[in-house]
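> Join the two chains, each given in its own frame, into one complex according to the hints.
Residue numbers (the numbering used here), protein chains in the order written: chain L, 115 to 361; chain U, 645 to 907.
These are computed hints drawn from the structure, not numbers from a lab.
Built from N, CA and C at the ideal position, the CB exists for glycine as well.
Heads up, some of the hints might be wrong.
[Claimed, not checked] Chain L stretches covered by chain U per the calculated footprint, using a threshold of three residues with CB under 8 Å from any CB of chain U:
| # | segment |
| --- | --- |
| 1 | 136–143 |
| 2 | 217–223 |
| 3 | 232–242 |
| 4 | 317–329 |
[Stated by the list, open to error] No farther apart than 30 Å at their CA atoms in a straight line, the calculated lysine-lysine pairs in the DSBU-like style are these:
| # | chain 1 | residue 1 | chain 2 | residue 2 |
| --- | --- | --- | --- | --- |
| 5 | U | K745 | L | K303 |
| 6 | U | K901 | L | K126 |
| 7 | U | K901 | L | K199 |
| 8 | L | K312 | L | K301 |
| 9 | L | K160 | U | K710 |
| 10 | U | K710 | L | K340 |
| 11 | L | K138 | U | K745 |
| 12 | L | K340 | U | K745 |
| 13 | L | K138 | L | K160 |
| 14 | U | K902 | L | K340 |
| 15 | L | K126 | L | K138 |
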Amino acid sequence: MSSIRVEDLSIKFRIYHDRSPSLKEYFANLFKRQRPTAYSDFWAVKDVCFEITAGDRVGIIGHNGAGKSTLLKALCRVYESSDGKISVAGRIAPLLEIGAGFHPEFTGRENIYLNGAILGYSKQQLNAIEQEVITFAGLEEFIDTPVKYYSTGMYTRLAFSLATAMHPDILVLDEIFAGGDAAFMAKAKARMHDLIDKANIMIMVSHDHLLVKSLCNRVLWMDHGKLVADGPPEEIVERYLAGKLDG
Amino acid sequence: MIKADDRSFFGELYNSRNVLQQLVAQQLILRYRRTALGYLWTLINPLLMMSVMAVVFSALFKADLKTFTVFLFAGMIPWNFFNSVVTQSGSSFINNEGLIKKIYLPKIVFPLSVAVALVIDSVLSFLALFAIIILIGGSLSWAVLFTPIAYLLLFLFALGISLIVSITTVFFRDLQHVILIAMQGLFFLTPILYQHDALVGRVGWVVGLNPVVPFIELFRAPLYMATLPSAGVIMHATVLACLAMAVGLVVFRRHEKKIVFRL
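Just chain U, same shape as in the assembly (with noise of 0.2 Å):
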């Protein structure tokens, strides 16, 4: 029942919270529902991509197998995030179109839905794959403590893109697919597969303009360096995030009404 009494943007989210947890649950749930391994898939799937793509160019880059491994690793948990997260958030609305159209929910509840289900799936990839390394000799330091807040700053800028993408989708449908392609595009003018100084000359400059570079570095710096990442990169990150995130709240406020009819 629709509560009169509170009507502000993160008063109703806050009264929506039930909403928001069974949303979530139903995309972890549904996703494994009667397979043998169910949730298993989560963690296995990354755990064999990043395994081939480790020992492909690992020799292609002629490096150590096990220390490009936790390298690649280190580099792969955030882009996976990033990625789906905006490559995903762009149905949230189209796929529950039947419900937006019966129904008053908060709106922003399908895209934010997407994007913690997603990161939860992230962060059991993370410890499974955290585990794997420790076993095959990785090391382990207390910078491991800082994954949390580079999380926590990944979230907020992949969730901030997210609003962005979900809403222009709905009126723009050709997005989903512009989307795809570019995300695509970005995964190889990103440092994962190589060191961030290893792409040089003409294209060397976009990787310096890439805003997803100091998310990667807030991951890599304590799981591949053992050290806390620079203050320069936490700042960069905080700032990209927080400008993300009011972007992203802006122009989801301003057109969120707007969606139920272009559905």
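Chain L with its partners taken away, still in its complex shape (with noise of 0.2 Å):
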């Protein structure tokens, strides 16, 4: 059974007014009783509790820059705490930036090996799936073709291809998407709600209500760095909607 639990979770910023400060600023600086202070923190996430269970689909949702990205992003380890803990159990796939890994010299098919390797497939997992990824793409012709020559049309259906070819048990998404012309959409929406259905936590971030309230069974409201609520969908929606904090 995988869960999820975030303990007083706090994720700081650093935000340098000038620049970041060269070597010779640095030992200056080392001799100064008075340091000037050139930077300032600024807390992305501050003091966030929440326990995710099995079968939850947990949507995520808040004004930009209310730190839900960054709450995503250090579920799946991207960013390290400042303050708190965060226990996962299962496995998490990373679906956050799509095609994240690709290397534009590189071709289809060498770049379903080396993105899948970022994404944690194994060579076997990978010798298995990628004639099926190519397939779902319809990128037949074009895979042996470096992907710095694709339309965005062909590198987004590769990417999505590629990162919705296994089952995780927990599944995070940032903005659920599907790029490419209709036909490829219907197919990439049915793969995603069959990823969704057959993982056993869903976390997503979306400014799409209608979509949060039809996927999920949870929505966490997320306002500059705080988890200000946290229930069922309809009504943290229609809450955040109307925008007040107490309802």
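Below, the structure written as structure tokens:
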């Protein structure tokens, strides 16, 4: 059984007003008694606590810059928590930015292996899914062409097919998407729903409130790094749209 | 997918061997994609460089060209490897910024993949040059069998330093430029073009402190002198390699989690 426990999670970013300090400045500052504070701290996520258990379909909503994506990245271990603790049981599939590890000079097939390795697939798994990924993306003709010559649609189709080729226990989605033409969109949506159905836990960030209401059974509302509401989708989304914290 | 069961440093590294392999392949393949000679450039480049140096410096030092070529080659092979690892590892995180900010990977795979790709390059150019040395009438002895051990020690030493350099460069970007200059200076303070005891006087003692010297000796003894390196040199190199790795790992593990915030 998968589960996620987040206790008092805080993530701090240091914003440099000027630029990162050079070696010279670092040593110069070592001997100064009063060091100028060239940066300020920004808490992207502050004191967030929640627990997600098997079967939960969680949607995270909030305005831009509320810390939603930072929270997801912390769950996927991209950002280390500055404070607090995250415990995850189960395998997480990071579907944050599809195609992140693609190399433009590599062919489609080489990218399946490169990006697949980055996504954590083993070589045997990749050998097994290679053909299926190519077929699903509809790229049989161009699979041995460097991806820099791909159209945007071809690129996203390949990235999507690869990223969704395996069924993770915990599915983490940042803005569900489906690129490509209408035919691919339909196929991709079906696959996405299948993936969500089979996942033990699903967590997604989305600004599409209808989607959140239809896919999730629980909604977290983030505001300025804090978790301000947690509850059933209908209620929380209504309150969020009405723009008030106290129902 | 992230396996939750093994989160120890080396366990994670083992689980990421597939990524490591892909990153190494990426570096080896991409450099020469769409060039007519392809990977051969890795062999041609040091070959031509060393030939020019051999001709010029053997004339300058009034040494026998054949002997000097072997002498130079035995010193340049370890130096070239060490130099490229230290200078290239500095940008290993910066070049992979996009990836590091989007997906979790054990950070050590980035500098490690640079070092592994370079050691493969180095071994191949070593084999090519070795064949040429034999052809022009160099001597072959059983001591050559020591070179794998020499490579291992040099690899650990270079990797340890590259771990420190890679992390530090993220925090101080100036370091990339400082290192280029420092390595150029170090080249002349390392007995590669000249014999170990040739540099005397006011700067002679610097050569004694230079940590790269025993590693050059590790290669030069079997290839040029046709003997095994002395026990003292092997000990010296082993201690330096272990020390570099120990310090490198400590520095690396202490700071690896801050990298993502500073890229």
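> Hint by hint, where does the structure go against what was stated? Just the numbers, ascending.
4, 9, 10 and 13
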